[in-house]
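Here the protein sequences line up with chains V and L, keeping their order. Under the working numbering, the first residue of the first sequence carries the number 4, and numbering increases by one thereafter. Under the working numbering, the first residue of the second sequence carries the number 21, and numbering increases by one thereafter.
Read the hints as simulated data drawn from the structure, not as lab findings. Do not rely on the hints blindly, as some may be mistaken.
Claimed, not checked - Simulated DEER-style distance windows between Cβ atoms:
| id | chain 1 | residue 1 | chain 2 | residue 2 | range |
| --- | --- | --- | --- | --- | --- |
| 1 | V | Arg-141 | L | Ser-293 | 52 to 62 Å |
| 2 | V | Asp-20 | L | Arg-130 | 54 to 64 Å |
| 3 | L | Asp-153 | V | Arg-118 | 38 to 48 Å |
| 4 | L | Glu-175 | V | Pro-124 | 32 to 42 Å |
| 5 | L | Arg-125 | V | Arg-118 | 50 to 60 Å |
| 6 | V | Asp-20 | L | Ala-138 | 32 to 42 Å |
| 7 | L | Asp-91 | V | Glu-212 | 31 to 41 Å |
| 8 | L | Gly-43 | V | His-257 | 41 to 51 Å |
| 9 | V | Gln-165 | L | Ile-131 | 53 to 63 Å |
| 10 | V | Ala-350 | L | Gly-95 | 39 to 49 Å |
Remember, it's a predicted structure, so these values are computed and weren't measured experimentally. Idealized CB from N, CA, C, for every residue including glycine.
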Amino acid sequence: MTGPARGESVVFAPVPDPRLTTLSELLCRYSVDVQPGDLVLVEGPALAQPLMVELVKSVTDLGGHPMVRPRLETADALVMERASRSQLEAVTELDRLEVELPTKTLTIWAAENTRYLSSAPAEHLAARSAAMRPLFDRSLERIAAGDMRWCGTCFPCHAAAQDAGMSLADWEDFVFGAGHLTDADPVAFWREQSARQAAIAERLSAVRELRFVAEDTDITVEVGGRTWLNADGHENFPDGEVYTSPVETATRGHVRFSFDAPYNGREVSGVRLWFEDGRVVREEADRGGDYLTQMLDQDEGARRLGEVAFGLNDEIQQASRDTLFDEKIGGTFHLALGAAFPEAGGANRSGLHWDMVCDLRQGGEVYGDGELLVRDGRFV
Amino acid sequence: MSDQRLVRLADVIAGHSLELGEGDLVLIQGPALAEPLLVELTRAVLDRGGVPRLRVTVDGVDAAFLGRASDEQLGWLPPYALSEMEAIDARISVIGAWNTRELNRVDPARIAKRQAAAAPVMERFMERSAAGDLRWCVTAFPCDAFAQDSDMSLEAYERFVYGAGWLHLPDPVAAWRGFATTLEALCERLSGVRTIRVLAEDTDLSVGVAERTWVASKGSHNFPDGEVFTGPLETATAGHIRFSFPGIIGGREVEDIRLRFEGGRVVASEAASGEDYLHRIIALDDGASILGEFAIGTNYAVDRFTKQILFDEKIGGTCHMALGAGYPNTGSTNVSALHWDMVCDLRDGGELQADGEPIYRDGRFLPGFFDGSLDPPG
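With the rest of the complex left out, here is chain V (with noise of 0.2 Å):
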């Protein structure tokens, strides 16, 4: 038997929050469906270990061959403080193979330390988003064509609880709650909000002009032509809105975004834009706005918009300065400076892809083509 001194060590293997477990087959089988040959990159820290574990187990099972390639903050941060300008602007066939090989990439965002990038002077940040450019039109235009399918998830980690407010306990319950993860049949959730947004997508569609109105904020984007996407679960998960990219040339009037918009680290509030011609010709923020201005002069397209959205996640009510929850409150809009998504028609490129949102649910109007469409953050 074992002696008093260790009686109270009672030996558990480890054993996965079973939601974990729900969110890696969720993903699997839901979001990028994974086949019997597909080549599965799960990128993302080293610290959502638990989960690139269950995604491997999910992956295997379905016949897939997991590609895991977990990245230490510590050491990217080092990079992008230290580097030359070559070395930054160095683009390596090891970096190509990621891009090109995979069928499925999942994408794992955490955080040991949401600021962990915040000593790296911005146009080190800049210089290696414009190198990898390319790269990233190379991923967008496989997703577009098809040769890839790709998910972007959250794993609930102290640093992004600590910007929410929130305890890690807490966070958890929030992630997971907003993927409806608990419910008997997630997937059957996800089906039926995704006939729910399909019809809002729909109605948008044979909209030419969207205004929104909104405290500060008087802004119309040009969405003819473009193909209006359901934000179903398949792409970023959780999910829920609807988006597409606007005419890149005629975006005009002003706004002011209601949530704080870290971007790589760094903590920009109040941003406030105004453009003209589908130009942003003039920025501010409460915060971080030198460094709003180097992101956006990065290259021709960053001071462009790449995007135009509709949260419809009513699950999600709070912000918790954490972009993939924020965007998709129900009953907000974002904007996103840069790339553009090919499958929606969009034409600008960029090495930018930065998403602001705004609140429409207290007083806030859309009018499509003149005629109302959402007051109060509800569709009419």
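Add chain L to chain V, keeping to what the hints say.
The following block gives chain L in isolation, referenced to the frame of chain V:
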């Protein structure tokens, strides 16, 4: 602030082991628990103008895959594997583990199947290495699992690991350069020998090495380092040997291995534990019962057995030999999927003879045969 010994380790590998330069694409691979070293290596590669790319592994992924993959999945060579091997200029492999027994319940045949699938990559690796196109180095990160296998606390194990690399010295690179010269002189001295005879407890083994090349292991491919090795004649090994330390392979230990050789081949093998496993390994393929390597450990800062072959085969005062694949640069022609090093302690009464003349006794070369000092500096 980083542990200065880690900083020096990274600098020695980037500077001395790999001599990295401007634009070199360097793949750094290792477990996430070795993060402090992986980060220092990234820094050292950047400092020398190279382009680092990290390939990190996390706990549990291998076990999850190996435990459930089909034969088809195990035997599949990923399409990126060969292209990556072609693209890199250098590779640094950091060993370390959460648990050295993680794969104990995985059928070795499944691991072997995956390894067999990667054979073309290994082959290309060896080709590029032999041609001098690909530089590589294996090193270790001191971790709890290795410390535990060595019956040491983590702190004591760190002292052992960094001590073995002489990283307490202010300029370890200079010390390793000096040591390299000494080892090359030793190889020169051994190069005329036709037959090495190993005499120790329950051991009397003759190994033919005529016309084979002795290679100085001086901190290029392994770090820490310190051995001289050659590839024995494939048909000449004769006699018997009892290995002082357990043979470790695939996370398993085989204790008290005794082998009898005739005409270069193992003709009888026994072990106190794991004997079945030993028999299976020796029968793995045609080359697995033939020696591919004979070597003498020359790092006297490595003074104990720790169950990590990277260190064990360097213990000053030991010799080791490997069943299976030989290194072509020694002249060895033995081919096998196996390369299993086994270590024999010579520090307490062991002797080596060269063509009948004693050249080494009680773990030291005899003056007259070799007068250079193999003592660790500092």
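Cross-check of the supplied hints:
1. Between Arg-141(V) and Ser-293(L) the C-beta distance comes to about 55 Å, which sits within the given range of 52 to 62 Å.
2. Judged by the Cβ atoms, the range 54 to 64 Å given for Asp-20(V) and Arg-130(L) is violated: they are separated by roughly 28 Å.
3. Between Asp-153(L) and Arg-118(V) the beta carbon distance is about 41 Å. The supplied range of 38 to 48 Å therefore holds.
4. Look at Glu-175(L) against Pro-124(V): about 37 Å separates their beta carbons, and that is inside 32 to 42 Å.
5. Distance hint for Arg-125(L) and Arg-118(V): a CB-CB separation of about 42 Å, inconsistent with the stated range 50 to 60 Å.
6. One distance hint, 32 to 42 Å for the beta-carbon pair Asp-20(V) and Ala-138(L), holds here, with the actual separation near 33 Å.
7. Our hint of 31 to 41 Å for Asp-91(L) and Glu-212(V) is violated, since their Cβ atoms are close to 59 Å apart.
8. At roughly 47 Å, the beta-carbon separation of Gly-43(L) and His-257(V) lies within the given 41 to 51 Å, and the hint holds.
9. A hinted range of 53 to 63 Å for the beta carbons of Gln-165(V) and Ile-131(L) is inconsistent with their spacing of about 41 Å.
10. Distance hint check for Ala-350(V) and Gly-95(L): the Cβ-Cβ separation is about 44 Å, which falls inside the suggested range of 39 to 49 Å.
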